[in-house]
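Novice: Protein sequence lines correspond, in order, to chains A and B.
Each residue of the first sequence is one higher than the one before, counting from 20 in the working numbering.
Each residue of the second sequence is one higher than the one before, counting from 15 in the working numbering.
Think of the hints as simulated: they come from the structure by calculation, not from any bench.
For glycine and all other residues, C-beta sits at the position ideal for the given N, C-alpha and C.
Be aware that one or more of the hints could be misleading.
Far from chain B, some chain A residues (derived; all Cβ distances over 10 Å) [what the hints assert, rightly or not]:
hint, residue
1, T49
2, H88
3, K115
4, V132
5, D178
6, N193
7, L194
8, D195
9, S201
10, R205
11, S210
Once the Cα atoms are required to be at most 20 Å apart in a straight line, the calculated EDC-like pairs of lysine to aspartate or glutamate come out as [as the list claims (entries may be wrong)]:
hint, chain 1, residue 1, chain 2, residue 2
12, B, K33, A, D76
13, B, K178, B, E194
14, A, K102, B, E55
15, B, K33, A, E167
16, B, K20, A, E188
17, A, K218, B, E23
18, A, K209, B, E23
19, A, K102, A, D130
20, A, K115, A, E188
21, B, K20, A, D224
22, A, K209, B, E18
23, B, K20, A, E225
24, B, K178, B, E159
25, A, K115, A, D51
26, B, K33, A, D224
27, B, K33, A, E161
28, B, K171, B, D182
29, A, K218, B, D25
30, A, K105, A, D63
31, A, K218, B, D30
32, A, K102, A, D63
33, A, K105, A, D52
34, A, K209, B, D25
35, B, K33, A, E188
36, B, K20, B, D30
37, A, K218, B, E18
38, A, K115, A, D52
39, B, K33, B, E23
40, A, K105, B, E55
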Amino acid sequence: MAATAESLPRSTKTLCRSGELTYAPTMGHTPDDSALMLRYQDGDVSAFETLYRRHNDPLYRYLLRLCGHRDTAEDIFQDAWGKIVKARASYRPTAKFTTFLYRVAHNCFIDHVRRNKRHANNSELEPELHCHPGEQPETSAERSLARERLSRALLDLPDEQRDTFLLREEAGLNLDQIAFVSGCNRETAKSRLRYAMNKLRAAIDEPPEQH
Amino acid sequence: MSNERKNRENDQLVTDVYKAMASEQAPDHLNQRVLRLAAREGRTRYSRARAWIRPMAWAATIGLSFAFVLELTRLPSIETDPAIGAPEDAFAPQGMTVLREAEDMARAQAGPDQAPTTKGAEIDGGPADRSSTERVLTAPASATEPACPLEVRESAKSWWLCIKALRDNGQEDLADSEYEAFRQIFPDFVDSGADK
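Extracted from the complex, chain A is given alone in its bound form (with noise of 0.2 Å):
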């Protein structure tokens, strides 16, 4: 049975009429990322940790994959929640959270970019070449192989495909809002996301090199 507001405890009442539900820990529900960040505006610093926690390891990666640099990506990374940090006080609910999140570091990123524009291709990063337990060694390596070849195929795609591609795959963004984040149009975004998939799959299909 839903609750009316008579059946509420006082403070509950109180609440509902000044409009800060929105927002107030329920049990048995984990508040979204926006309420999070609107407790942290009030001053909880123990919603942002949380808000934080559910972001970071995604955001790291995107970044991470996104430069090609272990130091930038910590430098890029560090930059956009010093920036989300800040802005706290401005910050309106009126998009999801993670979008404002990549935006700003798509952002970050692009400033980056102009600053040192040396980043693109000289990528440190070595694909990471590990067996899952339980594996067989053939299957394992056939997925040792694709892994690489991915890993290497992400690094090779341009900026825009790679960036596209990532805000799917870490951030979970649809077209929209992969369009929204990288400031262009839904059909762009598609395309460039259709771009990016053809080339990672020809990729993994790559018959293996012979020597």
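Let chain A serve as the given structure and place chain B on it in line with the hints.
Specialist: For chain B alone, coordinates are given in the frame of chain A:
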């Protein structure tokens, strides 16, 4: 197989391989740095400010109230005796003129050979009743005629010239005492052509 379905299968394969490959995590030192920054900024602007606003407001209110009460207790009691004018009126030229007129009338009634100070005392009923204005006027020449006569003292310019004349005659002490009296009556007078 339709193109769309083929694309979907390809995409799924790429996604699976990517998921298996991308397992990096943000390093701990980076996490610590960001969280420290967030905690510092969060406290600086909001929590710390909010924690201090109320106690500071209370302390300020109590302090101001105490200062106000203290100031009230220090105020001097107001004289209600009508014979003694308000302090700001004591040296007002208008009040002085009225007093002099009364003094002149008394002098005319008593005769020409009496000293003005004595006459002042007679008019007002004794030294205790004389206003502060009169005391200033008579102070430089307590027992004798003032160095600058009362008629001269009527106008700032003539009084000033009188003081200058005393100085020119070498009567520095008299000139100084006249000047002190003059400055109490006409504190804003400026003679562009001469110094003290």
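Novice: Each hint needs a verdict: does it hold in this structure or not?
Specialist: Results for each hint:
1. At roughly 19 Å, the least C-beta separation between T49 (chain A) and chain B is larger than 10 Å, which holds for a residue marked as non-interface.
2. For H88 (chain A), the shortest C-beta to C-beta distance to chain B comes to about 13 Å, beyond the 10 Å cut-off, and the non-interface label holds.
3. At roughly 20 Å from the closest C-beta of chain B, the C-beta of K115 (chain A) stays outside 10 Å, upholding its exclusion from the interface.
4. At roughly 21 Å, the least C-beta separation between V132 (chain A) and chain B is larger than 10 Å, which holds for a residue marked as non-interface.
5. Residue-level check passed: D178 (chain A) sits 17 Å from the nearest beta carbon of chain B, beyond 10 Å.
6. Annotated as non-interface, N193 (chain A) keeps its C-beta farther than 10 Å from every C-beta of chain B; the closest such distance is 13 Å.
7. The non-interface label for L194 (chain A) is consistent with chain B: the shortest C-beta to C-beta separation is roughly 13 Å, beyond 10 Å.
8. Even its closest Cβ contact with chain B, about 18 Å, leaves D195 (chain A) beyond 10 Å, as expected for a residue assigned away from the interface.
9. For S201 (chain A), the condition that its CB be more than 10 Å from all CB atoms of chain B holds, with the nearest at approximately 19 Å.
10. Even its closest Cβ contact with chain B, about 17 Å, leaves R205 (chain A) beyond 10 Å, as expected for a residue assigned away from the interface.
11. A cut-off of 10 Å between C-beta atoms confirms that S210 (chain A) is not in contact with chain B; the least separation is 13 Å.
12. Between the alpha carbons of K33 (chain B) and D76 (chain A) the distance comes to roughly 13 Å, so the proposed pair stays at or under 20 Å and holds.
13. With a C-alpha separation of about 13 Å, the suggested pair K178 (chain B) and E194 (chain B) falls inside the 20 Å cut-off, and the hint holds.
14. Distance hint between K102 (chain A) and E55 (chain B) is fulfilled; the C-alpha atoms sit about 11 Å from each other, no more than 20 Å.
15. Distance restraint check for K33 (chain B) and E167 (chain A): the Cα-Cα separation of roughly 13 Å lies within the 20 Å cut-off, and the hinted pair is therefore satisfied.
16. Proposed proximity of K20 (chain B) and E188 (chain A) is supported: the alpha carbons are some 19 Å apart, at most 20 Å.
17. For the proposed pair K218 (chain A) and E23 (chain B), the alpha carbon gap of about 14 Å is at most 20 Å, so the pair holds.
18. Note on K209 (chain A) and E23 (chain B): the hinted pairing holds, with a Cα-Cα distance of about 17 Å set against a maximum of 20 Å.
19. Proximity of K102 (chain A) to D130 (chain A) is assessed by CA-CA distance (about 13 Å); at most 20 Å being required, the pair is judged to hold.
20. Of the supplied pair hints, the one linking K115 (chain A) and E188 (chain A) holds, its CA atoms being roughly 17 Å apart against a limit of 20 Å.
21. A C-alpha spacing of about 14 Å is found between K20 (chain B) and D224 (chain A), which places the hinted pair at or below 20 Å, so the restraint holds.
22. Taken as a hint, the K209 (chain A) and E18 (chain B) pair is honoured in the structure, with Cα atoms around 13 Å apart against an allowance of 20 Å.
23. Between K20 (chain B) and E225 (chain A) the alpha-carbon distance is near 17 Å, which keeps this suggested pair within the 20 Å criterion.
24. Pair hint K178 (chain B) plus E159 (chain B) holds up; C-alpha atoms about 18 Å apart against a cutoff of 20 Å.
25. Distance restraint check for K115 (chain A) and D51 (chain A): the Cα-Cα separation of roughly 10 Å lies within the 20 Å cut-off, and the hinted pair is therefore satisfied.
26. Between K33 (chain B) and D224 (chain A) the CA atoms are separated by roughly 17 Å; this keeps the pair inside 20 Å, and the hint holds.
27. The hinted pair formed by K33 (chain B) and E161 (chain A) meets the criterion: a straight-line CA distance of about 15 Å does not exceed 20 Å.
28. With a C-alpha separation of about 16 Å, the suggested pair K171 (chain B) and D182 (chain B) falls inside the 20 Å cut-off, and the hint holds.
29. For the given pair, K218 (chain A) sits about 11 Å from D25 (chain B) by alpha-carbon distance, which is consistent with the 20 Å threshold.
30. Of the supplied pair hints, the one linking K105 (chain A) and D63 (chain A) holds, its CA atoms being roughly 14 Å apart against a limit of 20 Å.
31. A distance of roughly 15 Å separates the Cα atoms of K218 (chain A) and D30 (chain B); the hinted pair therefore holds under the 20 Å criterion.
32. For the proposed pair K102 (chain A) and D63 (chain A), the alpha carbon gap of about 18 Å is at most 20 Å, so the pair holds.
33. Pair hint K105 (chain A) plus D52 (chain A) holds up; C-alpha atoms about 17 Å apart against a cutoff of 20 Å.
34. Only pairs whose Cα atoms come within 20 Å are accepted, and K209 (chain A) paired with D25 (chain B) is accepted, the gap being roughly 13 Å.
35. A hinted pair counts as satisfied when its Cα atoms are at most 20 Å apart, and K33 (chain B) with E188 (chain A) qualifies at roughly 8 Å.
36. For the proposed pair K20 (chain B) and D30 (chain B), the alpha carbon gap of about 15 Å is at most 20 Å, so the pair holds.
37. Restraint check for K218 (chain A) and E18 (chain B): the C-alpha separation of about 16 Å stays at or below 20 Å, so the hint holds.
38. As the CA atoms of K115 (chain A) and D52 (chain A) are separated by approximately 8 Å, the hinted pair is consistent with the 20 Å bound.
39. Distance hint between K33 (chain B) and E23 (chain B) is fulfilled; the C-alpha atoms sit about 15 Å from each other, no more than 20 Å.
40. The suggested pairing of K105 (chain A) with E55 (chain B) holds, with an alpha-carbon distance near 7 Å, which does not exceed 20 Å.
No hint from the list above goes unmet by this structure.
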